[in-house]
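Peer 1: Kindly generate the complete structure, drawing on both the sequences and the hints.
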Amino acid sequence: MEDIILKLEKVVKDFPGVRALDNVDFNLKKGEVHALLGENGAGKSTLIKIIMGIYRLNKGSIFLDGSSVDITDTKRAKSLGIDAIYQEQNLCPELTVAENIFINRLPKRKMIPIINWSKLINNSQKLLDEWNANFKATDIVASLNVSQSQIIEVIKVVAEKDLKVLILDEPTAALIEEEIEKLFDTIRKLKSKGISVIYISHRLDEVFLISDRITVLRDGKNVGTLITKEATKKELVKLMIGRELSDMYPKKKIEKKEVILQVKNLSSGRNFKDINFSLRQGEILGMYGLLGSGKSEIGKSLFGRTKINSGEVIINGSNVKIRNTISAIAKKIGFVPADRKRNGIIEILNVKQNLTLANIKALGKKGFISKKVEEERANKWVRALNIKTPSLVTKIASLSGGNQQKVVIGKWLDSESKILILNEPTHGVDVGAKVEIYNIIEDFCQKGIGVLLISSEIPELTAICDRIIVINKGKINGELAGQDLTQENILRLAMSEVKNEEQNKI
Amino acid sequence: MKNRIKFSFENIGLLVILVVLLVIFLSIYHPFLARINIINILLSVALIGIIGVPWSMLCISGGLDISVGSAMGFTAVIITLIYNNGVNLVLSILIGLAIAAIVGLINGLLITKVGINPIITTLGMLSVLRGAAFIIAGGEGLPIYNEKFRYIGMGRIWFFPIPVVIFIVFFAVGYFVLKYTSYGRNIYVSGGNERTGRVAGINVDWIRISLYMITTMAAGLAGLIFSAQLGQTWPKAGTGYEFAVITAVVLGGVSLAGGKGKILGALLGVLIIGTLSYGLEITGVHSFYITIAQGAILLIAVTIDQLKLKRKFT
Amino acid sequence: MKRRARFLNFQNFGLIIILIVLLILFWSINRRFLTFENIKNMLLSISVIGIVAVPMTLLIISGGIDLSVGALMGFSSCLVAAFITKLGINPVLAVILTLIAGTAVGFVNGLIVTKIKVNAFIATIGMLSILQGSALIMTSNKGQVSTFSGSIGIENKSFSFIGLGEVFKIPVQVIILIVFFIIGYIILNHTQFGRKVYATGASEKVAILSGINVDRTRIINFMFTSFAAAVGGIILASQFRAGAQRIGSDYMLLIITAVILGGTAFTGGIGTMQGVLLGVVIMGVLRYGMDFQGIGDYYKQLSNGALLLIAVGAGILRDRLLGFRTRE
Chain A
1 MEDIILKLEK VVKDFPGVRA LDNVDFNLKK GEVHALLGEN GAGKSTLIKI IMGIYRLNKG
61 SIFLDGSSVD ITDTKRAKSL GIDAIYQEQN LCPELTVAEN IFINRLPKRK MIPIINWSKL
121 INNSQKLLDE WNANFKATDI VASLNVSQSQ IIEVIKVVAE KDLKVLILDE PTAALIEEEI
181 EKLFDTIRKL KSKGISVIYI SHRLDEVFLI SDRITVLRDG KNVGTLITKE ATKKELVKLM
241 IGRELSDMYP KKKIEKKEVI LQVKNLSSGR NFKDINFSLR QGEILGMYGL LGSGKSEIGK
301 SLFGRTKINS GEVIINGSNV KIRNTISAIA KKIGFVPADR KRNGIIEILN VKQNLTLANI
361 KALGKKGFIS KKVEEERANK WVRALNIKTP SLVTKIASLS GGNQQKVVIG KWLDSESKIL
421 ILNEPTHGVD VGAKVEIYNI IEDFCQKGIG VLLISSEIPE LTAICDRIIV INKGKINGEL
481 AGQDLTQENI LRLAMSEVKN EEQNKI
Chain B
1001 MKNRIKFSFE NIGLLVILVV LLVIFLSIYH PFLARINIIN ILLSVALIGI IGVPWSMLCI
1061 SGGLDISVGS AMGFTAVIIT LIYNNGVNLV LSILIGLAIA AIVGLINGLL ITKVGINPII
1121 TTLGMLSVLR GAAFIIAGGE GLPIYNEKFR YIGMGRIWFF PIPVVIFIVF FAVGYFVLKY
1181 TSYGRNIYVS GGNERTGRVA GINVDWIRIS LYMITTMAAG LAGLIFSAQL GQTWPKAGTG
1241 YEFAVITAVV LGGVSLAGGK GKILGALLGV LIIGTLSYGL EITGVHSFYI TIAQGAILLI
1301 AVTIDQLKLK RKFT
Chain C
2001 MKRRARFLNF QNFGLIIILI VLLILFWSIN RRFLTFENIK NMLLSISVIG IVAVPMTLLI
2061 ISGGIDLSVG ALMGFSSCLV AAFITKLGIN PVLAVILTLI AGTAVGFVNG LIVTKIKVNA
2121 FIATIGMLSI LQGSALIMTS NKGQVSTFSG SIGIENKSFS FIGLGEVFKI PVQVIILIVF
2181 FIIGYIILNH TQFGRKVYAT GASEKVAILS GINVDRTRII NFMFTSFAAA VGGIILASQF
2241 RAGAQRIGSD YMLLIITAVI LGGTAFTGGI GTMQGVLLGV VIMGVLRYGM DFQGIGDYYK
2301 QLSNGALLLI AVGAGILRDR LLGFRTRE
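Protein chains in written order, with the working numbering: chain A, 1 to 506; chain B, 1001 to 1314; chain C, 2001 to 2328.
It is worth saying that the hints were derived from the structure and are not from the lab. C-beta atoms are modelled at their ideal positions from N, C-alpha and C, and glycine is treated no differently. Warning: the hint list may mix true and false statements.
Unchecked claim - As a list, the in silico DMTMM-like pairs of lysine to aspartate or glutamate whose alpha-carbon atoms are at most 20 Å apart:
1) B/K1236 <-> C/D2297
2) A/K361 <-> A/E416
3) A/K75 <-> B/D1205
4) A/K361 <-> C/E2204
5) C/K2205 <-> A/D339
6) B/K1179 <-> A/D139
7) A/K75 <-> B/E1194
8) A/K395 <-> C/D2319
9) A/K361 <-> C/D2215
10) A/K341 <-> C/D2319
11) B/K1113 <-> C/D2319
12) A/K182 <-> A/E153
13) C/K2205 <-> A/E347
14) A/K475 <-> A/E179
15) A/K193 <-> A/D3
16) A/K341 <-> C/E2204
17) A/K365 <-> A/E376
18) B/K1236 <-> C/D2250
19) A/K395 <-> C/D2297
20) B/K1262 <-> A/D139
21) A/K189 <-> A/D169
22) A/K126 <-> A/E160
Stated by the list, open to error - Quick list of simulated restraints, FRET-style, between CB atoms:
23) C/I2096 <-> B/G1155: 57 to 67 Å
24) A/K366 <-> C/L2322: 45 to 55 Å
25) C/D2250 <-> B/V1169: 36 to 46 Å
26) B/G1115 <-> A/T72: 23 to 33 Å
27) B/L1094 <-> A/P107: 33 to 43 Å
Peer 2: Set out below in structure tokens:
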């Protein structure tokens, strides 16, 4: 017991309508790297937020170094020696590395309270050398890359206080091979200092390389804590997925017609390389990949949001150039974005305004808006998609997540898109609405739309997709259809390179 | 290290522009008048610089203030009025500056606590101050009688005019504060990544509020000097100074978005704008053309600033 | 259950009450405030503010702003005067040319703000200065150095009709004002462009992602605003029978305050024409009322600035109460 630094006992966290954490037990040993695995919505980020004081638990207790603690807010968490490094950079880009490390704690001279620059730079450089950084204390942060910034953040939190627990949230999402190795060196150093690391990631290869133990969360429960050396990928995948979900969504037989979209050798810098696939009318093509795999960027590039460096896009047989979103929409491509609140709906507008947003020119003649036409069109989608709203003029912000998402989908149906790209379409949507949305997608496929479904929720992909392309580190790592379309196969292709298949047998 | 070198290139570029300007203007005049001209240029520069130093700091911290020109006239009127009513000179000045500080405080509170856009706030304040200045002055001009007053504008220490000395002091203090105090470095953080600053415990709001106060006070001081030089206090003093200040500061590399800029660069910017405006006046260019020029140069300076930002993110 | 959006919201009712209070206040100080003649004069005061406030509302709703309108009014007055008096051009042609020039200024503003992405405040402040200087140059006499009171007189009957004439007893400017308001109201509430204006200001990101050309929407608004400012300048030139730089210089604050009072938010996406109409009337009544009582220019300047601050501050507090995010 003495070597456990952090212990969570029977932690419960409820949100309206859902229990995010269900009697979770979790313990973290001193100096260990403990990986936290689980699908989207399994409860990982909720657990972390409770440890960081962003949420407060409803039931249960937390023990730090043996004594019970109440983590009321982030400030309290930090003062207890718990900190986290997230995706958003927490640095000042125009200042030097040294200043960022010692932010608000710049060393002063003894006699007069002015900044001692040489001491600042020396102390920082010492730290950098200790951590084997390949940059200088006097470099400006803006001139460094993601990997280097990450190391600065680690050094910063370690130097700031007596750090006991460090949470790393998907730290390798934006890194390339060599940089990941550097990060692992840094993590090993943390271990040698007795600092414990909670490592959140989907990437099994890395988890096996760097962690000592692994805890898997599923549906808000801790379904297993394993010692990494003794675990196998197969075991982990099974834990993450659980039993095969009964087929909630009856798959309809959809007649597939011609190819409407073809993508050849599509590349975009660091995002993805050499992507090839084709999409037919009436087909639902799934795309799966881990965070940072590039799957979202592929979808975005077809909508003009991410730059395409090379390759061809062929729609209905002709080669096209998608320069920006207006050009994509003109080619009848629609895009349902992942972040609904920021990118999908305009909160202060009402339901009918949001529904007709992508096809304003159809609302009337000669540039006018006919209220009658607008209401007719809006009502059509409200009925077809079963959107629950008190009225057409209700502000969309007061609709539930699922209904808001239906409005977003309706928007593209209203603009008569022939190719619909969905990026995490059921993120934050309750189960009932999810099923409705799946049925909607299948219904409209029958009417001749081709759908590219980008998702990180495997059950939904296996439920409605005919084919699934798996993206791994920017490249296509396999295509699954028919009998091969299993959840295990999807995960396997996403988490490890094909050449590492040997390890699966362990 | 490459960033240090790039920074120098920009400043060398400015230095070159400055030297070229000086050469052009001085060559139009007889060489033996050159020394006097430099002093005059410095006087012109000093006023812009006295406001420009704290303005740069405010801008780096993420704030903006276009009411400085009106604050010049407003404060000058108040000081003159109090002084003409028999109050001791030093006390008059202190009271005037204190009032200027309160104006700055109001600006700061409206912007940080109520959340009004800084330009709209200082735009409204600009109008309030200008109107108030005229009302208090009761008309057009307010003559000043005492030599002591004049001394501030016309007197010299060695052969440096007092305003220039004040400017040099401001510059030195500004440079020192920005480089050697926590307060100064926190100014950079407030403008560079406000969220990070707050999380680290920096009181971003009060840093900005204090800078609004200092900027308005500096504007008040500049207004006083200006009036002292003229021998008369005009309520409309300082009209249009905002342009010179903003342009000088942006030219000097301070980004209007905040978080970026050096006092040294601002100094060069002030020198260039000061030289330019003085030179234009002397060579008889109509003030109307200067008005056009100041708008055009502002647009050019801001465009360059924006293009630099764009280049960084592609 | 169908529910139509209310024509006048809570804030608008508050404004109506303030308006009535103001009218009663001024009337009680001097009974002659509400005679037919004086009401007509008050309408004249309101007209120019209102004409520019209409497109300014569209501009602010779409997320932009133009601080150069006052200077453009002065510039336009000088331009049209120069055309008529110095170049002897037919007044109708002079007006058309001036309107074109004004719209072009708006186009430039729009380009600088949308394509180069310079902050709209700063860009239009710069333009303000350029317009001021140009107006001064146009109206300066040879040898005249630094006075700001240069002007170009206009002696032309047909031109004077714009500012001083009446059609069926209604002053021309009021008719132009009514036309502008009707057009503005229709645009905002019944046209596809109006929908794009709201969307662009409410969420530029989602608007772009829905295929709306936000740059073009804003540029059009800038052009419309400058066009209106040119109209305002021409009307004033006609009234004063002269073009001068200082014409319109105090209008910018009045116009922006009127728009904000009317419930338009700087953050974009919110605002109504009927609200702005109320704001315009209140500003016009205030201005005229103060003139009537003989309150000096400087008091007006002070109160204009204070009023702007109060109007904006109140708007932000209102937004906070309603739960909108007011600061990033």
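Peer 1: Next pair to validate is B/K1236 with C/D2250; report whether the Cα-Cα distance is within 20 Å.
Peer 2: Judged against 20 Å, a Cα distance of about 15 Å means the pair holds.
Peer 1: Falls inside 23 to 33 Å, the C-beta gap from B/G1115 to A/T72?
Peer 2: Roughly 27 Å apart at Cβ, these two residues keep to the hinted range, so it holds.
Peer 1: Is A/K361 within 20 Å of C/D2215, Cα to Cα?
Peer 2: holds (17 Å)
Peer 1: Does the hinted range 33 to 43 Å hold for B/L1094 and A/P107 at CB?
Peer 2: holds (36 Å)
Peer 1: For the pair supplied as a hint, A/K395 and C/D2319, is the alpha-carbon distance within the 20 Å limit?
Peer 2: holds (15 Å)
Peer 1: Does A/K365 pair with A/E376 here, judged by a C-alpha cut-off of 20 Å?
Peer 2: Given pair A/K365, A/E376 holds - Cα atoms ~15 Å apart, limit 20 Å.
Peer 1: Given the hint that A/K75 pairs with B/D1205, test it: the Cα-Cα distance must not exceed 20 Å.
Peer 2: holds (19 Å)
Peer 1: Next pair to validate is B/K1113 with C/D2319; report whether the Cα-Cα distance is within 20 Å.
Peer 2: holds (14 Å)
Peer 1: Is the gap between the beta carbons of C/D2250 and B/V1169 within 36 to 46 Å?
Peer 2: holds (38 Å)
Peer 1: For a C-alpha distance cap of 20 Å, please report whether A/K475 and A/E179 respect it.
Peer 2: holds (19 Å)
Peer 1: Keeping to a limit of 20 Å between CA atoms, is the pair of A/K75 and B/E1194 held or broken?
Peer 2: holds (17 Å)
Peer 1: Can you confirm whether the C-alpha distance between A/K182 and A/E153 stays at or below 20 Å?
Peer 2: Between A/K182 and A/E153 the Cα gap is close to 14 Å, so the pair holds against 20 Å.
In terms of the numbered hints stated before, the structure departs from hints 19 and 24, listed from lowest to highest.
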